[in-house]
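Engineer: My request is simple: use the sequences and hints to build the entire structure.
Number of protein chains: 2
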Amino acid sequence: MTQFAGDSYLDNESSLAASVLSGNRLALGRLLTQIENDLPAGRQALMELYHRTGGAHLVGVTGAPGTGKSSLVNQLARLYRQPTDGSEPKKVGIIAVDPSSPFTGGALLGDRVRMRDLAGDPGVFIRSMASRGSLGGLAAATAGLVDALDAAGYEVILIETVGAGQGEVDIVRLAHTTLVVEAPGLGDEIQAIKAGILEIADVLVINKADMPGVENTERALRSMLELAHPAPRVYLHHGQTERITPMAEKRDLAAQPWHPPLLRTVATQCSGISELVDNIELHRRYLRQSGEWELRVQVRLKSQLDNLLQSALVARWRKNVSNQRYTSVLSMLVEREISPWQAVESLLDGELQ
Amino acid sequence: MTQFAGDSYLDNESSLAASVLSGNRLALGRLLTQIENDLPAGRQALMELYHRTGGAHLVGVTGAPGTGKSSLVNQLARLYRQPTDGSEPKKVGIIAVDPSSPFTGGALLGDRVRMRDLAGDPGVFIRSMASRGSLGGLAAATAGLVDALDAAGYEVILIETVGAGQGEVDIVRLAHTTLVVEAPGLGDEIQAIKAGILEIADVLVINKADMPGVENTERALRSMLELAHPAPRVYLHHGQTERITPMAEKRDLAAQPWHPPLLRTVATQCSGISELVDNIELHRRYLRQSGEWELRVQVRLKSQLDNLLQSALVARWRKNVSNQRYTSVLSMLVEREISPWQAVESLLDGELQ
Numbered sequence: 612m613t614q615f616a617g618d619s620y621l622d623n624e625s626s627l628a629a630s631v632l633s634g635n636r637l638a639l640g641r642l643l644t645q646i647e648n649d650l651p652a653g654r655q656a657l658m659e660l661y662h663r664t665g666g667a668h669l670v671g672v673t674g675a676p677g678t679g680k681s682s683l684v685n686q687l688a689r690l691y692r693q694p695t696d697g698s699e700p701k702k703v704g705i706i707a708v709d710p711s712s713p714f715t716g717g718a719l720l721g722d723r724v725r726m727r728d729l730a731g732d733p734g735v736f737i738r739s740m741a742s743r744g745s746l747g748g749l750a751a752a753t754a755g756l757v758d759a760l761d762a763a764g765y766e767v768i769l770i771e772t773v774g775a776g777q778g779e780v781d782i783v784r785l786a787h788t789t790l791v792v793e794a795p796g797l798g799d800e801i802q803a804i805k806a807g808i809l810e811i812a813d814v815l816v817i818n819k820a821d822m823p824g825v826e827n828t829e830r831a832l833r834s835m836l837e838l839a840h841p842a843p844r845v846y847l848h849h850g851q852t853e854r855i856t857p858m859a860e861k862r863d864l865a866a867q868p869w870h871p872p873l874l875r876t877v878a879t880q881c882s883g884i885s886e887l888v889d890n891i892e893l894h895r896r897y898l899r900q901s902g903e904w905e906l907r908v909q910v911r912l913k914s915q916l917d918n919l920l921q922s923a924l925v926a927r928w929r930k931n932v933s934n935q936r937y938t939s940v941l942s943m944l945v946e947r948e949i950s951p952w953q954a955v956e957s958l959l960d961g962e963l964q
Numbered sequence: 612m613t614q615f616a617g618d619s620y621l622d623n624e625s626s627l628a629a630s631v632l633s634g635n636r637l638a639l640g641r642l643l644t645q646i647e648n649d650l651p652a653g654r655q656a657l658m659e660l661y662h663r664t665g666g667a668h669l670v671g672v673t674g675a676p677g678t679g680k681s682s683l684v685n686q687l688a689r690l691y692r693q694p695t696d697g698s699e700p701k702k703v704g705i706i707a708v709d710p711s712s713p714f715t716g717g718a719l720l721g722d723r724v725r726m727r728d729l730a731g732d733p734g735v736f737i738r739s740m741a742s743r744g745s746l747g748g749l750a751a752a753t754a755g756l757v758d759a760l761d762a763a764g765y766e767v768i769l770i771e772t773v774g775a776g777q778g779e780v781d782i783v784r785l786a787h788t789t790l791v792v793e794a795p796g797l798g799d800e801i802q803a804i805k806a807g808i809l810e811i812a813d814v815l816v817i818n819k820a821d822m823p824g825v826e827n828t829e830r831a832l833r834s835m836l837e838l839a840h841p842a843p844r845v846y847l848h849h850g851q852t853e854r855i856t857p858m859a860e861k862r863d864l865a866a867q868p869w870h871p872p873l874l875r876t877v878a879t880q881c882s883g884i885s886e887l888v889d890n891i892e893l894h895r896r897y898l899r900q901s902g903e904w905e906l907r908v909q910v911r912l913k914s915q916l917d918n919l920l921q922s923a924l925v926a927r928w929r930k931n932v933s934n935q936r937y938t939s940v941l942s943m944l945v946e947r948e949i950s951p952w953q954a955v956e957s958l959l960d961g962e963l964q
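Respectively, the protein sequence lines represent chains Z and C. Residue numbers for the first sequence follow the working numbering, beginning at 612 and rising by one. Residue numbers for the second sequence follow the working numbering, beginning at 612 and rising by one.
The set of hints was computed from the structure by calculation and includes no laboratory data. Hints are not guaranteed to be accurate.
Derived BS3-like pairs: lysine-lysine, alpha-carbon spacing no greater than 27 angstroms straight-line [said to hold, decoys possible]: (1) C:K913 / C:K930; (2) C:K930 / Z:K913; (3) Z:K930 / C:K930; (4) Z:K913 / Z:K930; (5) Z:K930 / C:K701.
Counterexamples of contact, computed for chain Z against chain C with all Cβ distances above 12 angstroms [what the hints assert, rightly or not]: (6) L690; (7) G883; (8) R911.
From a predicted model like this one, the values you see are computed outputs, not experimental measurements. Where a beta carbon is used, it is the ideal one built from N, C-alpha and C, also for glycine.
Structural biologist: Take a look at the structure:
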């Protein structure tokens with residue numbers, strides 16, 4: 612069996628998890644690739660590593676294209692590495708998910724731009740991932756990457772996604788703390804979109820705050836924030852609505868409900884970044900004290916479990932149905948002899964055949 | 612049993628399909644609501660109607676927020692209703708899918724704006740749909756709405772989606788012809804995104820073409836179009852890559868491969884719209900002559916079938932597993948006693964228990 616030169620640091624597959632835990636970056640990179648491609652070896656290593664997860668603070672960063680999210684994530688990582696308040700540097704993982712290039716598999720440019728800034732720092736690990744196949748697969752792969760970085764000891768994991776659609780929300784839902792990034796002057800249609808995305812914001816950032824129109828943007832966002840009712844957060848998954856009610860017994864009674872702060876930054880000039888880091892840390896403490904941390908973890912793991920269950924059920928079913936049968940039902944559907952639901956009934960129960 | 616006054620036109624549920632076929636708009640509206648909410652009555656009616664589908668030309672319209680898609684769709688509908696070339700007016704259905712408001716269920720404003728323009732025309736039917744639950748559910752519901760309008764005799768169905776992510780691509784995949792809408796001056800980051808979305812474009816539109824920067828936008832798009840290889844279209848679904856090779860035997864040898872035209876429009880001034888309608892019609896004829904129409908229909912129905920199969924498999928499994936068992940596995944996962952894959956194995960095979 613041929614081995615790549617880069618694989619020589621591994622005696623065999625079973626030591627991958629151990630290598631990752633020992634801080635081997637090559638092993639970590641290899642594990643991430645295996646997870647992204649959903650290979651058995653990656654799954655096996657993640658199983659071995661899983662009990663080491665749960666320590667990282669997962670921070671989602673989302674917003675429309677053009678708001679400067681990548682620069683902001685860059686600057687956040689830099690500040691976590693070189694704190695100005697005398698605190699210890701934190702190890703930072705960055706996962707940039709780009710669902711906008713489903714066909715070409717893009718997301719490489721941002722990677723290279725970042726590498727220049729943060730290259731050579733062993734306390735930073737960066738991974739870009741373009742959408743492959745379904746969004747469900749993307750969310751599952753992202754969750755796996757997060758777990759691997761978490762187990763490998765990265766203390767803050769920044770998960771960056773483009774856009775404001777459902778898919779991005781699915782990915783952001785992985786996070787404990789969600790940053791929504793806006794920028795001045797992106798037009799009226801975007802304003803309408805903000806109303807939806809605002810509801811998932813734990814911290815609101817107006818980046819590019821040196822651009823004209825920042826006052827208008829801030830005013831609009833503030834009024835939208837005020838309109839948003841302080842109702843319990845509603846998570847949607849698989850068509851069900853789950854209302855997450857605070858567990859009163861776990862709550863620190865001194866803790867106030869969280870009101871998303873609105874901050875201005877100019878990432879390219881590193882302006883406002885340390886205030887942003889402070890607010891992310893405040894939110895982490897709020898989650899810990901209020902008991903909401905555990906609630907969010909539970910919602911996240913349930914969502915992850917349901918996603919994997921779904922894939923496993925489909926895979927198991929496919930093994931038991933012949934291609935011929937599937938193709939013949941599909942033909943009847945194409946000829947409009949049966950409707951899609953009748954096709955499903957036929958495939959699942961053997962009726963109509 | 613209480614009946615709403617608006618329901619009195621129906622004798623019973625079984626006549627819903629018949630009422631829709633007879634052109635009853637109230638019945639159609641009610642059917643669309645039932646489909647959107649995935650109710651059994653809607654499914655039943657769609658089964659009865661399904662053999663009447665397949666006649667409509669499905670046109671997807673996508674692009675970033677701020678490009679003026681809604682105005683463009685408006686103007687397209689108007690021109691289909693009042694053709695300037697002496698052809699017969701066509702019945703137009705509009706489905707506006709807004710995956711950007713997963714929490715509030717938005718998408719109502721656009722509806723009302725449109726109503727003002729096209730209200731009272733019995734040849735136009737408009738439906739807005741906000742994202743509820745998963746994107747898979749959204750795509751399935753959209754497919755159902757399309758089928759209902761198709762069966763009801765709407766000849767052109769415009770499916771409008773916001774954004775350029777995977778979710779939007781899933782929805783656009785429903786269409787025979789895909790319009791990608793751009794606008795001048797949306798910034799560099801958006802340029803990078805275009806590279807991905809361009810690959811699904813059958814017709815490229817620069818709307819708001821009276822704005823400064825239109826020359827730059829057109830130049831950038833043209834060079835991106837040239838870069839795009841004339842390779843066979845690749846559809847992605849459920850993590851699989853399917854290469855659609857043209858069926859040579861079905862191809863009209865005289866037909867040339869389709870090169871996406873690039874058009875300028877100013878929807879608010881109704882400028883360039885009739886050229887756009889002409890190009891949409893050209894593409895329809897190309898699809899018909901080349902045999903690609905059937906290929907696209909097949910890919911679309913396979914995707915729809917796989918989506919429904921997935922939901923049905925999950926629903927069937929859920930019926931057979933106790934809540935208690937599910938909850939206990941989830942708890943072990945939250946405590947990191949088992950990994951997500953071990954949780955799935957445990958739930959599917961009864962192992963580890």
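Engineer: Run the distance test for Z:K930 versus C:K701: straight-line Cα separation, threshold 27 angstroms.
Structural biologist: Roughly 46 angstroms separates the two Cα atoms, so the pair is violated.
Engineer: Keeping to a limit of 27 angstroms between CA atoms, is the pair of Z:K930 and C:K930 held or broken?
Structural biologist: Holds, at roughly 21 angstroms.
Engineer: With a cut-off of 27 angstroms on the C-alpha distance, tell me whether C:K930 and Z:K913 pass.
Structural biologist: holds, 18 angstroms
Engineer: Over 12 angstroms from every CB of chain C: does Z:L690 meet that, or does the non-interface label fail?
Structural biologist: Since the minimum Cβ distance to chain C is about 22 angstroms, Z:L690 lies beyond 12 angstroms and the statement holds.
Engineer: Given the hinted pair C:K913 and C:K930, is their Cα-Cα distance within 27 angstroms?
Structural biologist: holds, 26 angstroms
Engineer: Are the Cα positions of Z:K913 and Z:K930 separated by 27 angstroms at most?
Structural biologist: holds, 26 angstroms
Engineer: Was Z:G883 rightly flagged as not at the interface, with every chain C Cβ beyond 12 angstroms?
Structural biologist: holds, 20 angstroms
Engineer: According to the definition I'm using, a residue is off the interface if its beta carbon is farther than 12 angstroms from all beta carbons of the partner; does Z:R911 meet that for chain C?
Structural biologist: Not fine: 9 angstroms to the nearest Cβ puts Z:R911 too close to chain C.
Of the numbered hints listed earlier, those contradicted by the structure are 5, 8.
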